[in-house]
Every structure is written in C-alpha cells, then in structure tokens.
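**Student:** The residues making up each chain are set out below.
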Amino acid sequence: MSNHNISLDVNGCEVEASVEARQSLADFLRENLGLTGTHLGCEHGICGACTVFINGVPARSCIARAVSCEGDEIKTIEGFVDDPWMEVIREKFSSEHALQCGFCTPGMLVTAYDITKRIPDADEARIRLELAGNLCRCTGYKGIVNAIKGVLKDQKDVS
Amino acid sequence: MSTVEEALAVLAEGDGYGKVLAGGQSLGPMMNLRLVRPDFVVDIGGVRSLTEVTSDSGIIRIGASVTHSAIEDGVIPGPTGVFLSEVAHGIAYRAIRNRGTLGGSLVHADPAADWLSVLMVLDASVVVADQDGETSIKVKDFVVGPFTTGLGDKSLVSRIEFKKLTGKAKWSYLKSSRKPGEFADAISVCLRDESEGIFRITAGAMEITPKMVDCNLWESNEEKIESLISHRKGYQKGLHYTLLQRSIHEAEN
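Note that the protein sequences, when read in sequence, are chains A and B. Position in the first sequence (first residue = 1) + 1092 = the numbering used here. Position in the second sequence (first residue = 1) + 191 = the numbering used here.
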C-alpha cells in the first residue's frame, strides 16, 4: 500500500504526515498523534464514540480516511479543553451524572456541543432524537439528556 | 481531485477495481467491515462543482455531492426543498448527514435508503458522467436491484434532476424503525399534486428495489397497496400495509 503525504489542522496545530490510504482518521489521531480521547466502538459509524469535529461540524472519524482530510480542520475532544462553551457542558455532565465509564463521553460531548449551538430551543424529544447516534451502555441516557437540557435552560435564562 | 474530468481520468486509467469515494458514509463502513475491497479509491470530496444546486425552467438539479445535512438545512428551494428537508432530517444521525451525499446514497442503492424511494416518487433522473459525456437515466431504471445500479466502472454520478413540485403538492413520508436513525424496516412515500395530475406511492425497505405505482391507475387503496407488497409476508407485510395506508391518507389531507 502506498503512502500519501497529508497536511491538516488538528486542534489548531498544523500537522504533516505520511499515511497509508486505508488508515482511518480515528486511527491516525489515536496512533500517529497520541490523541486517544477519540474512542473506537463499532468502527462502522453507528455508535458515535468516535465523533469529532471536521471543519466545525460533527463527523465520524472511524469511517473517514486520514488522506481524505487533507486541508481540513479537525477538532478532537482534546481540542475543546479551553473552549468556554464546552466548559459549561462538561460541568453539567458532571453535575447531572451524564457519565460512568466515560467511553461514550467524548463523542457525547462533541455531539452535545453541536446540539446546544445549532438547536438552542430543543426540547427533550428533540434532544433525544439528536443524540440517537451516540450509544451509551452505562447511564441509560437520562443524565446526558438532563445535562443538555440544563445547558439550554441556563442559556435561555441568561438571554 | 478537484474536477470531474480529473476523477474520470483516474477512474479510466486505474489498475483493477476502483470505487468513487464521496462522503464515505456507506463505502467507509463497508471497507472497514471488509465487505468491499477496491484496488483503488477515487476521492471526489474536493470536487466543488458536484455540490451545486440550481433550478431553472421548472427543473431542480442537485449536485451528487450535496450532503444530507445541506438538504436538511434547506439548500433546495421551494416546496420541493421543504419535502426533501423533512426526509433528510430522518436519515441516520447528524454526524452521518454532515458527510453523506445524495449521489453516494443513490449509487450505494441500499433498498432501505431514504433517498431511493423519494427520488422514485419524484420521478427523478440521474445524470451519469464518463469520459464520453453525460447520460440521463431515470432513477427507477438506474437502480436495478439491491445494492446494484447500472453505473459503469469508469463512470460517476454527477447530479440528480427532477421537476419542481408546485405549491399545491402534498406528500407523506413515513418510515418505521426500532430507533431513530436506523435503516427502516418499512418506508412509504406518497406524493399528490392535483394540478399536475400526479398521484404516486412508493414502498421501500423491502429488500428489493423500491416499487412505485401510479395511483391514478388503481381504484381502491387496497389494490394499490397489494400491488406493491404482494411479495411480503407476515408482520413485515403488516408494517408496510399500515404505513402505506397512512401515507395515502396523509397525502389526501
């Protein structure tokens, strides 16, 4: 398998690498860059554990190829560490018991970020619909939904 | 790859079995699961011309690489856009919709795909490009079986075209699945536009190519529905039956 030279932005840093065409973005992030916050569950796009931002919108990194991301801006959970909005979401996840083992959590947080920014008036039914692509084996989802509801409610109260 | 011509050249010259990669939301999982092992892949993600949406003389033309999320967010104008936005919203999950494309879904031709049934009810055509030029084929003729289309090895789908719906059009799009976002167990799409004499219903997610009937040709709802699902059995037939009945009813009101 031939290698391809790629250049992309990961969490604000310019990254250059030589990768096999078959390597997924998730494997590239985890193995080449050591960014292991992105998790692999099903590796076919269903479970959502691998969800990252590609050019500002949520996408599955398990079915994206690193070579396809030439010139793209990737943001993993590590890239949200200093994001004030993610700080708000993280606090709610903590206070509402939205995680136990934490395996689904990076994907949940990235998806929650998108939901809270894109659909500020989402009700519980809509939140659950938008979260359908992120599976959790521990919590039964109630805490996650409550965390997102809490974020949206607080934002409404402020504005 | 930044133009269709470049992509077609690579396809034509490639050694062995090549696949075009658009959003990668069908081909990606299939490669991960080793269900398909192409010798080479042509990534058309950088071909901007395939993401254009235009409409003129009553026809809407959608570039094959337009994503489901763009359609969900209203990139297609008019009443047709409202209909398609509703359909798009129900496809998989937002993360998939951000990458998955209309053309990709059509070429993958999963019988349970949302777009297949909808494009059939719209009597849409697909424009296929190869190094000799472009050909337009009706979607119902392009899709020949489950996961099978008439697309040649050296061709790619460049756009999908259909007549705009008028303001009088009514539609009903229903799908049944255990949880939101899963591939459907049954799909029913009904389109009615009396000003254009259109009354069509399509049954999808039947493990074969979706089937459509022109309702103007049938008397009773029973006959229309039976003609679509006579091959189904048991609870699956019941599921389709219920959805089709509901669709016809919704499109009438």
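Any given hint could turn out to be false.
To be verified - In silico SDA-like cross-links for lysine to any residue, where the CA-CA straight-line distance does not exceed 20 angstroms: (1) B:K370 x A:G1232; (2) A:K1234 x A:H1189; (3) B:K210 x A:K1234.
Calculated directly from the structure, the hints in this document are not laboratory data.
**Student:** Does K1234 of chain A pair with H1189 of chain A here, judged by a C-alpha cut-off of 20 angstroms?
**Tutor:** 9 angstroms, holds
**Student:** Does K1234 of chain A sit within 20 angstroms of K210 of chain B, going by the straight-line distance between their CA atoms?
**Tutor:** 42 angstroms, violated
**Student:** Taken at face value, is the distance from the CA of G1232 of chain A to the CA of K370 of chain B at most 20 angstroms?
**Tutor:** Between K370 of chain B and G1232 of chain A the Cα gap is close to 15 angstroms, so the pair holds against 20 angstroms.
Hint 3 from the earlier list is the only one contradicted by this structure; the remaining hints agree with it.
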